[in-house]
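Peer 1: Quick mapping for you: the protein sequence lines, in order, are chains A and B. So the first sequence is numbered by the numbering used here: it starts at 750 and just counts up by one. So the second sequence is numbered by the numbering used here: it starts at 159 and just counts up by one.
Just to be clear, a hint being listed does not mean it is correct.
Derived lysine-lysine pairs resembling DSBU-like cross-links, with alpha carbons at most 30 Å apart [to be verified]: (1) B:Lys278 / A:Lys1038; (2) B:Lys365 / B:Lys584; (3) A:Lys1148 / A:Lys1135; (4) A:Lys1170 / B:Lys548; (5) B:Lys281 / A:Lys1029; (6) B:Lys365 / A:Lys1150; (7) B:Lys278 / A:Lys1029.
Calculated from the structure, these hints are not laboratory results.
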Amino acid sequence: MKKVALYLFIIVLLVLPLLLRVTDANLTLPGDDVYAYLLQEHVPGETLPVLGNIIHNLPFIVLLFLPFASILISFFLVMKILKELGIKKIYFFVFILVFALSPLTHSLAFFIDSNTFIFPFFLLGFFFLLRKNLFLAAIPLIFTSLISPAHAVFNIFLVLIIKKYWFNSKKINFLAVLFGLMFLLIHLRSLFLNFADINLQDIFIGFFSEFGSYFGFGIFEVFLAIFGFFALMKFKKQYYSLFWFCGFVILASFFLPNLRIYSLLIISFLNMTFLCYLYKWKWSLNWLKSLFFLTIFCGLLFANLSNAVTLSKAPPSLEFVQGLDLISGAPPGLILTLQDYGDFVEFYSGKKPLLRQEEVSSGFFSDYLNMFYSTELSETLDIMKKYYIKYVVITPEMKEKLWKRDDYGLIFLLNHSKCFKNLLSNDKVSVWEVDYAREV
Amino acid sequence: MFFSLQIPFLSDDSYLHLETSLEGGSAKTANFVFYYFLAFILFLSKNAVVIKLFSNIFFALTSVMIYFIALRLSKHRAFSFIAALISGFLPIFFSKTFNSLTPLSFGLFLLFFNIYAYLKSDKKPWNIIYVISFVIFSFSHWLVIVYILGLAVYHLLLRIEGIKQEKSETELSLFSIFFGLWAQILLYKKVLLLHGINVLTFNLPAKLFSTYFPAYSFSTIMTFLGIIPFIAGLYIIYKYSFEKKGREITFVISFIALFALLFWLNFCFTDIALILLGLFFCILLARWFVDFIQFVKKTKSAKYVYLFLFMILILIAGIVIPASLYYTNLNLKESKAYKVFDSLEWIKYNAPGDAVILSLPEEGPLITFFTGRNVVMTNDFFNNPDADKKLDDIYRIYKTRFATEAVELLNKYKVSYILFSDNTKKELGIDDLQYVDSSWCFSLGYEGNSKVYVKNPDCRLRVVK
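One chain only, chain A, in its complex shape:
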C-alpha cells in the first residue's frame, strides 16, 4: 500500500508542470528543440536525423505526453538497475524518492529534446551491461554515443568502471575501444570547441534550477549530495576510480548540460547515501531526528514544486503564440527576431525567421546585429530591404538582453518612425510590420 502511495505521489509530481501549463490554457509544446524537430529543416547539431522523423510524424497529444512517458520508462529501468545492483529496500525507496524530487527529473518529464530518448536508452544499456549481456548493452549505448561527444566519452568511462568493479572480459575491452573509435570518428569536429565563449556566470546559473535554469539541479539536493560525498569518503581507497569518475562527471556537467542526466543519477545516489546514513545514525537528540528529516523532505519538495511552476511558464507563452498567429495570414516576408526564437517563430507564424541557431558568415551576422543596434533609420531599412524583412518580433527578454536603454537602436526606431506599424503589443511580445513605402 505504501509502495503504491509512493508511486502515485511520484506520478503526480512528474506530471505537475504539464498540468499547470495546461490549466493556464497554454497548449503549446514547451522548449525550442522540439520545434526544430517538427520543422525538420534545422535539426539541432547534437542529435540524429531519425529523431526528427519520429517526432515529426507523431500526433500533437502524443508529443505533449512523450517526455512523461519517457521518464516513466526511465523510472522503471532505474528500479531494475537498483535491484540488479542489490540495493537494499530502504535505500531503494529513498533513491526513487530523491530521484523523483529532483528538478532535473521534472525537466526530463516536461521537455522534448534529445534527452527524452537518450536517458531511457542509456539506462537500458546500463541495465544490460550490469547483467553482463554485452550485445544488448551495446545497441542502446551506441545510439547514445552517436548523439554527442559527451555521451560517447561517458560511455567509454562507464565501461571501464564496470570492467574494474563489476566484471572483466575481453568483450568489454572491445566495447570500450568501439566507443572510443566512434567518438573519434564522429565527434572529431566537436573537439575544437570555442572555449573562449564560455561564461562562468551563465554556467553557474544554468546549473541551478533556483536561478531559473530549465535543466538544472536544486541547490538543496546539491548540498545534500556534497554531504553524501563526505559520508562516502571512508570508501575512497576501495572505490578510488569510481570517486574520480563521479566527481569528474559532476564537474563536467557544469559545462556540458548533456552530462547532467548522468549527474542526476550520481547526485540522487549521493543523496540516498547521506539520508540513509543519517537515518541509521544513533541520534542523541531523538526529537531532532524527525524535525531534521521533515526539513529535508520539505526542502526537496519545495524545490520541486517551485521548479514545476517555473517550467510551466517556459516559452513559448500563449501571448507570444497569439502574436505570431497574427502574422500567419499576413503578406509574405522574413521575420527579424532573436535567433533563439527562430524555430517556434516559423512554426507558429508560417514565415521564415532571418536567423536561427545555425552558423552564418560574419558579414551576414554583422548585418543581423546592425539591424538591432543602428540608430540610423536609412541604414536599418537598407539592411532590412536587402534581407526581405517584413516583420519584427520583439520580446521583453530581447529588450533586456539587447538594449540597455529604451531609446537606443531598433527599439527607438520602432517607437518613433512611421516606417514601422505596430500590429500587436502585449506583455510577452510586440509585433511590427515594416512599411518601406513610408520611407522618406
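The hints should help you fit chain B onto chain A, whose structure is shown.
Peer 2: Below, chain B alone, put in the same frame as chain A:
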C-alpha cells in the same frame, strides 16, 4: 538612547524599513519577522521615543549577549562585563547603529543569542531553546547564511585540530545547515529568479558599489575596531590555534575567520563585516584579560597587576570613546534628513497626492515617509529588478545638458517634481540642473536647503520631420 534622543530624526536608511513596515510590505521582504515585530510596535505607539527605544533595544541586547558569551569563554564576570561595555562603545558599532532602525539590530541579537545557545546546547533545555531561536533567526535576517557558514568552518577547524565533536553539536549543526538553507531558498526564491548570481552582491548597481563596499584605509579600520580589542583578539587566535585547544574559543575563531574572508572578498557589506569582526574581537578580549592576569601573576611584577590592568582600561577608553563620538558626529553631519526636510515639507503641502518625485535612491525613503509621494527609485535594490537601468536613467536626468533627453526620461517615469539637494551636488559633481533655465518645461518650485523643480505637465517630446 541618550545620544539618539538628542536628534529629531532617525538615520537615513531607517525610513526605508519604517515605510516598509507601515505599508504592510513585509510580505515582499525576507526579514519579515522583524517587520511584523516593528508593525506591532507601531500599532501600539507611533511616538518617536518608542520607535527609538525599539531601534536601540536589540543593539543593547547584543552587548548583553556579548557579556554572556565572553563569560562562557573567560569564566570571569568583571572582564566579561568590561568586554561587553567596550563592545557597546566600539566606534564602528556605535556610530553606525545608535540611531538606526534596521533589521540588522534584530539579526545581530539573534546571531549572538544563537551562538550562546549553541555553546550551551549540551544542556537539555538549551538545545530546544537553540532550535526555536534558530528557526526565528532563519526567517529574520540574511546573517543566518553567514551563521551557517560559520558552523561549517567550525566543524572544519575541529577536524583539523583533532578536537572531539559532541554528538548533539553535530546534530544541531546538521539541522541548522539544512533548515537555514531551506528557509533562505524559500524566502529568496523570487529574488534568486529575478537577479540570478547578482544576489551575491545584493543586486547593487555597479555605480554604487563603492558606497556600500568602501575601501577604508588600514588606520581607519583599526580605529573602527578599537585597536586594543583587535590586537588582543589576534593574540588569543594565535594562542588557541597553535598552543592550546578549546572548543568554545574555536567556535568564536571560526566566525572571525569567516568574516575576515567575507570582508576581504567583498561578500558582506563592509560596515556589517567590520561591526561583526569588532564584536567578536571584544569577546576574545575578556579571555585575553584572564590570560594576561595569569601571565603577570607569574612574573616579578605580580603586585602591579591591577595597575597594569587599570592602565590598559584607560587606554582602551581613551581610544574607543573619542573615536565613537567622532564617527557619530561625522555620520550626523552627513545625515540627509536634516538637509532636505524643508523641501519635503514643501512637497508634502504643494504636490498632488499622485505626484512622482525624482531623487537619488538614498533620498527615496525619506521622501516616501515624510511626503507620502511616490519616487522613481529607493535604495531597496533587492526588490528592484531594473536597479541598474533606473539608476542610469536617474543620473542621466541630473547630468544631461539637453532638456529633450531629460523630458523623455521624466515622462517615462511620470515624474513631475525633481529634488535637487546638496547630496545630489556632492555625489554627482554638478552645481545645478543645466537645462532648467533654457526650457519652459521646468520652473523652480522651492528653494531652501535644497531645491525642488516642477516639470510642466504639458511638456512632451514629439519627433518632427
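Peer 1: Is the Cα-Cα distance between Lys281 (chain B) and Lys1029 (chain A) 30 Å or less?
Peer 2: Satisfied, since the Cα-Cα distance of roughly 24 Å is no more than 30 Å.
Peer 1: Take the C-alpha atoms of Lys365 (chain B) and Lys1150 (chain A), compute the straight-line distance between them, and say whether it is at most 30 Å.
Peer 2: Status holds; Cα separation ~20 Å.
Peer 1: Is Lys1148 (chain A) within 30 Å of Lys1135 (chain A), Cα to Cα?
Peer 2: holds, 24 Å
Peer 1: Does Lys548 (chain B) lie within 30 Å of Lys1170 (chain A) when you go C-alpha to C-alpha?
Peer 2: holds, 28 Å
Peer 1: Hinted pair, alpha-carbon criterion (30 Å max): Lys278 (chain B), Lys1038 (chain A). Please report holds or violated.
Peer 2: holds, 20 Å
Peer 1: Would you check the hint for Lys278 (chain B) and Lys1029 (chain A), treating anything up to 30 Å between C-alpha atoms as holding?
Peer 2: Holds - the C-alpha atoms of Lys1029 (chain A) and Lys278 (chain B) are around 26 Å apart, at most 30 Å.
Peer 1: Run the distance test for Lys365 (chain B) versus Lys584 (chain B): straight-line Cα separation, threshold 30 Å.
Peer 2: holds, 15 Å
In this structure, every one of the numbered hints holds.
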